[in-house]
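Asker: Residue-level listing of the chains:
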Amino acid sequence: MVRSFLVLSIIGILACQAYGQAALSVTPAYAVVTNEVPYGAFTLYNAGTEGVEVTISARYGAIASTDSTTAVVLDEAGQLGDLTKHVTFFPDRCILPAGGEQIVRYRINTVPEGGHIALMHFAMQERGAIVNGQVPAVATGLSIVYNLVAPLVYLQGSGIPILTARVLESTPNTLHLYLESHGPWPFLGGIRVLQDGQQFGRAEAAVYTTRLVRIPVHQDLEKRRVQLQFDTEYTGLPRSIQRILGVPSSIELTW
Amino acid sequence: MRKRGLTTILLMFVLRLATAQVLMEVPLLLEVPGKEQMVRAWYDGEIFLVDGRELFYALGFTVQFQGAQLKALDARHQHVFACASLPQGNSCKIALSDLLSGFGNALHFDRNRLELRASSVASTFNVRALRERQSSWIEAPGPHLFDRTRTMWGGLMVSWQVRHDAFGVRPYIQLTGSVLHGTVGATIGDDYTWVYRYDRPRSKWLTQVEAGRYTNGSTGLSITNVPLARQHLQRVRTIQGRTAPHALIQAVISGEVVDQVQADAEGRYELQTPVWYGTTKLEVRTQPLGGIRATSELHYQFTPTSLVPPKKVYYSAHVKEDAYALNLQYGLHERLTLRGALSQVQGHTEAVSGLTLSPVVFLVLSTQLHLPSMRWLTMLRMWRSGLRLNTYVDAQGGEFFNANITASASKGPFSLLLRGGRSVLVGRYRSLILYPEIWLHHRTGLLMQANWGFDRLQGPLVQATTSHSWRFAAGWSFARLRLVAYAERNYTQQAYGAEGLLTLRHKSLAFGAGWDVNHQIPVASLSIQITSSFGSLFAHGRRDAHGFTHSQQAQGSIHLWPGVALTPSGHQESAAELRIFEDINANGKQDSGERILPHIDAQLYQSGWTRLKTGALYSAHLEPYQRYQVRILEASIRDPSLHPATGWDFSFTADPGRRKVIHVPMQQLVHVTGQITALDRAPLRLKVLLNNEERAEVYRDGGFALQVRPGRYTLTIIDVLDQDVLAEKSVEIGTEPIRVTIDLEEDRL
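Residue numbers (this note's numbering), protein chains in the order written: chain V, 1 to 255; chain E, 1001 to 1749.
Keep in mind that the hints were calculated from the coordinates and are not lab data. Check before you lean on any hint, since a few could be wrong.
Unchecked claim - Taking lysine to aspartate or glutamate and the DMTMM-like style, the derived pairs with C-alpha atoms no more than 25 Å apart in a straight line are: (1) E/K1507 x E/E1488; (2) E/K1687 x V/E50; (3) E/K1613 x V/E36.
As the list claims (entries may be wrong) - Here are some, though not all, of the chain V residues that point toward chain E, as calculated from beta-carbon distances under 7 Å: (4) E36; (5) R93; (6) R107; (7) Y178.
Remember, predicted model here, so these are calculated numbers, not experimental data. Don't be surprised by glycine CBs; every beta carbon is placed ideally from N, CA and C.
Could you put together the complete structure from these sequences and hints?
Answerer: Take a look at the structure:
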């Protein structure tokens, strides 16, 4: 098992400023597609003033958490299938001038039942100016590569995610949870914290394997006993996909 | 002591001489919009010197030497610089600091990168000439794909109308077709006419031939060389504006980008756009730097169509059974056209001589004298932003016969219209008419209209009589409904009522109902238009105060099969149908089994598409001979391996009176990844040529990527800075992706 951890900032923001002049953004920040519409596109946009080279690749993996950090994990995604064997995309390399836009189209071929994932990596490198006296080795070597990662999830059929949860920490304002998925279906939606039927807080999360979730609560949970209820309302997720994603059963937590 | 002093002076002189001669030659990269070039430069440790001749040639100037000075000239500018030493071999070194102070902020020198960058908004030299944008302003429409295809049979439109009024029932049919490599128009009603036209839009001496039978039953022939579409450039208009700092600005005419600049640090920009004879519709797109979407605004540039380009002669000649006519126009100046005509109708010969003058771009004056009748006609037209004025004066024998004026002005939600005239009628009766009108279209939906009419008639046998008319209407405009209440009085009735227009998806209903208080009877009108997939129907009925002007009419269309339709209007409609299909065998043709891909979207600049049931995209009401640009929207293509054989952007020219079918084959391209090895220079300097045509960029690691059709190709590596051809390799590309390695040593030419 090979694990590679990259910093969370480059996952979540999905837009970065490189070398002061080149700035690449990828939209959407994630994509969930189904067998009914097994295709889509990411749009790359260089909002900076310098050209960039972008290399695009699909890697098997997921965004997962330990007890303290959340990061990109490669070559492992729990019970989610490997989508990289089934995805075709174009192009795999492009040059974006300042203000330039590139559409990366993808299509999913036949996939077995269940949820599958691929992490689309967009490796950005500043292109720089053409300088006559530049030595080839220097020209190719001195550069910083920024990676943007957008999860691409494919659902073949429908199913209900199986989640377990435990409380890591409870403060008067926040409840820190650790969620684990135990099935072939990812969870994307809202997590509501209830105590005696009253809702204390809600947060959205995507749980592919494991995920740290911080839920703001408006009252101290003194009884140290809550119920977690789930829904499929997730920012940017189309309603057609929300209908396919099942709602996990509620979880009773004490600590 | 004296000897030591002399030695010291000599040493200092030698040292100074030696120091002055140490000039390190450095390559300076000159970046001007659209191209890059190396220019020789020198550095002596303190100042930079640049080769003036090379530099000014690169900036598009003509270079002259006058003693120790270099003079750089272009059509509008003249710059003089002092050479650092006497010119040798047509070479003159200029201090870069002199150059930069001479050109202001139009040039930027990056001392660390050794780059001299020209601003795209420079006014001290002709950046646009450097970009070779002038080539897009050629006199005739530029090259385009999908040229007109002439056919023996290209479709037929049948328009029909049935009208019932006080004169009885009158059917009317009009046929318009694209047949016999030209167009045919025929009308069948109380009388019948037919006309056949053959046009040659690019011809200089004969643009259209027309023959047929006309309304009075006479047959005839016409020829002309008057351009069928805009062809000649009248002027170049400078458009200045202000927007976000450093925003990208594009000037687009007919979907073609004719100029592109970047706003300066204060957001100011200056575009230069061509203006053709006739109307030029200009779209200015503004995209803030870093902004995602561009916004656009429209400008219209008018040039009187009655003006003829300088040194051009336009003629039109008509010959009928009992008449002939010849009209000639000659462009003496871009603002002055001379005209003359000779005609004979039923033995009566008349000659006309006149001119059209446009002293300023918003005013045109036409005057002509008819001989031997000595009738004199003068017309004045003026248009400014929000103001238009048309006047017409007719005189004979030193006496005015008719004078008409139409003026309109608009400001914000208000528009004002004034019509008036003075006429001399039969029997020396004189009529004076004045008809002012004011409209209010408020953004909230409020509509108001008020007009008043004054008519005074005076003659030798009757006393002067004056009559007035008026109308006041007010209402509201909703998204789908417009409702207006009105009160009006004219010469025959005084009525109060309401009228409205209801628009639904496939039908619209216009109605009006009122009460004539003079005659105590209702007045009404009703129009309905229904559109369905099987056809459309438009019916209109009207009844006014006297009953004898009642009328009913119906017209419609029936869709039979592609190419043949019964349509409600008889004009020469130009349309385009875009069939984007999967070209499985990659032969460029739509064979049976190669289906239209109905999910692929395309953008048509300055118009829009509707999706047909077949999956094709359709656009009607295009302007004949106009060039339209299409962009296939990449995000709508589901299969990442499919690419349009036409490219993502292409253009076509709309044909008059017919539907142009444009096939866009979507083909599977093969992915070629490549790597350049044994690099002896920075990879960014290199480009890959495919069969000496298409270019691909080279990445920082020496890689490149291509998407091509199967076949045999020659890949050539060139250096863009010194234009050296470095290496070449032939590859055979099948249906599977391949990887190519080009070694700059092994594959060197």
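Asker: None of the hints should be skipped; say for each whether it holds.
Answerer: Comparing the hints with the structure gives:
no., hint, in the structure
1, E/K1507 x E/E1488, "violated, 29 Å"
2, E/K1687 x V/E50, "holds, 19 Å"
3, E/K1613 x V/E36, "holds, 22 Å"
4, E36, "violated, 12 Å"
5, R93, "holds, 5 Å"
6, R107, "holds, 6 Å"
7, Y178, "violated, 37 Å"
Consistency with the previously given hints fails for numbers 1, 4, 7, ordered from lowest to highest.
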